[in-house]
Amino acid sequence: DAGVTQSPTHLIKTRGQQVTLRCSPKSGHDTVSWYQQALGQGPQFIFQYYEEEERQRGNFPDRFSGHQFPNYSSELNVNALLLGDSALYLCASSFENRDLYEQYFGPGTRLTVT
Amino acid sequence: GENVEQHPSTLSVQEGDSAVIKCTYSDSASNYFPWYKQELGKGPQLIIDIRSNVGEKKDQRIAVTLNKTAKHFSLHITETQPEDSAVYFCAVFSGTYKYIFGTGTRLKVLA
Numbered sequence: 003d004a005g006v007t008q009s010p011t012h013l014i015k016t017r018g019q020q021v022t023l024r025c026s027p028k029s030g031h032d033t034v035s036w037y038q039q040a041l042g043q044g045p046q047f048i049f050q051y052y053e054e055e056e057r058q059r060g061n062f063p064d065r066f067s068g069h070q071f072p073n074y075s076s077e078l079n080v081n082a083l084l085l086g087d088s089a090l091y092l093c094a095s096s097f098e099n100r101d102l103y104e105q106y107f108g109p110g111t112r113l114t115v116t
Numbered sequence: 100g101e102n103v104e105q106h107p108s109t110l111s112v113q114e115g116d117s118a119v120i121k122c123t124y125s126d127s128a129s130n131y132f133p134w135y136k137q138e139l140g141k142g143p144q145l146i147i148d149i150r151s152n153v154g155e156k157k158d159q160r161i162a163v164t165l166n167k168t169a170k171h172f173s174l175h176i177t178e179t180q181p182e183d184s185a186v187y188f189c190a191v192f193s194g195t196y197k198y199i200f201g202t203g204t205r206l207k208v209l210a
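These protein sequences, in sequence, are chains A and B.
Be aware that the first sequence starts at 3, since it is given in our numbering, and climbs by one per residue.
Be aware that the second sequence starts at 100, since it is given in our numbering, and climbs by one per residue.
Hints were generated in silico from the structure; no laboratory data involved.
Just so we're clear, the structure is a prediction, and the values are computed from it rather than from any experiment.
Where is the CB? At the ideal position from N, CA and C, for every residue including glycine.
Be aware that a few hints might be false.
Unchecked claim - Partial pick of chain A residues on the chain B-facing surface, computed with a CB cut under 7 Å:
id	residue
1	Arg57
2	Gln58
3	Phe62
4	Ala89
5	Leu92
6	Tyr103
7	Pro109
8	Gly110
9	Thr114
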């Protein structure tokens, strides 16, 4: 049973550029959430996708956008990169069920903005 | 908004001793409380969770207790081993499709 996978593992970008990160959810999961984890801090919720739509968003600017595909995989896009966007970006998947809340995380993508 | 405080930020224990990490939350509507373990270079791994209708849950050496009245929950690790060394995060889910994480506790188990 494949867990949550993310690509790429590491990425180096220059300030002002754009980046796309990818996530494939755990088998059987239909909901994908994205988090930003700065060094030494807990994950910060960016947004969640369900049924190909963003249904909840954290306190992140519009430079952060996403997409969910019919196969439930997801992309996170960040435009006009800032130095402060350097972080570990985590994808988590879950199954939409009012009684099930478990979220499972992928290994993350380490983004460095120079 | 929802706030989650986690203490301590670092914890060192001797191998075989117990470790306790505590989290306090603010939203009384919160109904799901997971704990995650994150090792260096990896994503957080769900190790145990508890729902609001339960006061305690145990899984081998790991247990979680919940006090809804006081709005706090704790992770208990007994008979600690060197492989328990990692950063532990608590999280709170309040039914609005997002999880709020604590700031993390770096646990060091000294052999």
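### Query
Which of the stated hints cannot be reconciled with the structure, identified by number in ascending sequence?
3, 4, 9
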